[in-house]
Amino acid sequence: MKRSVLPAVVLSGLILAGGCAKPTDPGPLEAGVTAAREDRWDEAVRYWTAALERDPGSAAAHNNLAVALEKKGDWDGASREYEAALRLAPDSPEIKVNYESFRLRLEAGRKKGP
Amino acid sequence: MRARALVIIAAGLAAGAACRSLDPVLVHVDMPGVSPFPPDAFAEVVVTDFRNEAPLADLDVGHELQAYLAEGLRRAFRGTVSLRPLPDTAAPAPAFWKDAAGGRERLVFITGSIRLTSEVRKALKGSKVPIDGPFDAAKRSVIEQLRWTLVVDLAIISGESGEAVFAKVFREDRDYIDLEKPADFAFSDTSAAFRERLFQTFLGAPTIEKRSLLRR
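Going line by line, the protein sequences match chains A and B. Note that our numbering numbers the first sequence so that position 15 is 15, with each residue one more than the last. With the second sequence counted from 1, adding 1000 to any position gets you our numbering.
No wet-lab data here; the hints were simulated from the structure. There's no promise every hint is true.
Listed below are the simulated EDC-like cross-link pairs for lysine to aspartate or glutamate, each with C-alpha atoms no more than 20 Å apart in a straight line [claimed, not checked]: (1) B/K1098 to B/D1030; (2) B/K1168 to A/D74; (3) A/K72 to B/D1023; (4) A/K96 to A/E43; (5) B/K1122 to B/E1053; (6) B/K1210 to A/D55; (7) A/K96 to B/E1209; (8) A/K96 to B/D1023; (9) B/K1210 to B/D1023; (10) B/K1098 to B/E1053; (11) A/K72 to A/E83; (12) A/K111 to B/E1209; (13) A/K111 to B/D1088; (14) B/K1168 to B/D1178; (15) B/K1210 to A/E94; (16) B/K1168 to B/E1053; (17) B/K1181 to B/D1060; (18) B/K1210 to A/E100; (19) B/K1181 to B/E1209; (20) B/K1210 to A/E83; (21) B/K1210 to A/E53; (22) A/K72 to A/D55; (23) A/K111 to A/D55; (24) B/K1125 to B/D1049; (25) B/K1122 to B/D1088; (26) B/K1210 to B/D1030; (27) A/K72 to A/D91; (28) A/K111 to A/E94; (29) A/K72 to B/E1209; (30) B/K1210 to A/E38; (31) B/K1181 to B/E1119; (32) B/K1210 to A/D42; (33) B/K1125 to B/D1178; (34) A/K72 to B/D1049.
Only a predicted model underlies this, so the values are computations on that prediction, with no experimental measurement involved.
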């Protein structure tokens, strides 16, 4: 490798690391994920609602809020949030899988009716 | 040359590790059950006494079941839960239920009959089977078990129409080595299993689901 290429490679790696690394303030989106992983879902909902206030176009916040609403049994709210997330990020495989799993579970549960 | 390669690898690893930290997070979520009934289908549930078709000397299982169901419903159901005595007739006409509802909307009655019975059952003890003669039953010993059976013929009746919106016969069996196992003990075992199945039918069974949480 030529000597002149080395600083460029190292520099680009460091810039990439800096860009991707967690910021000192993780922000409400990340804080909500941490709360949810620790089973503090009400707190997670507050964080993700705040994330949407900060950035209404956040597909991630809509997706995460949908999961939390599913957890609370608010099917209409979850459906609304998943659909908003898909409108914003129609190609996200995670949102697609989440929404499909939610929809199939809801349909299966309601089919067991009298 | 070697030091230069190490620097490049370290920079690459640092970048990779930092970026990986924002991958989606897979979580296992305990989701509530999905009720087969439409949301807000019921605002009030009235649990009647259950007609006892096999009365026991020291335990009124019809009355006990009414109290047990109501107690569970008060915890699981957001609406009002109240009690009502046993109807005079075994299968009251729709007009009876409509009249009992008194015009209250989205009210349902949970009613029905109950039978808690026991029998001693005999069986060959499997552990005594000789290895050289699986059909030598004479060398086996006989064991006795007490089987208690709970049968609940349950109906959910709409207060608006007076008609049943759901009806099912539930059966629970429990076998006990102790031939003196009392009825109240067996009722406790079997009614707990029955109530769990009923609530799963009524309110849906909770499940653990996988979902992805996004971080960016």
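Next item on the list: Tell me, in ascending order, the numbers of any earlier hints that this structure violates.
Entry: 1, 2, 3, 4, 5, 6, 10, 13, 14, 19, 21, 22, 23, 24, 25, 27, 28, 34
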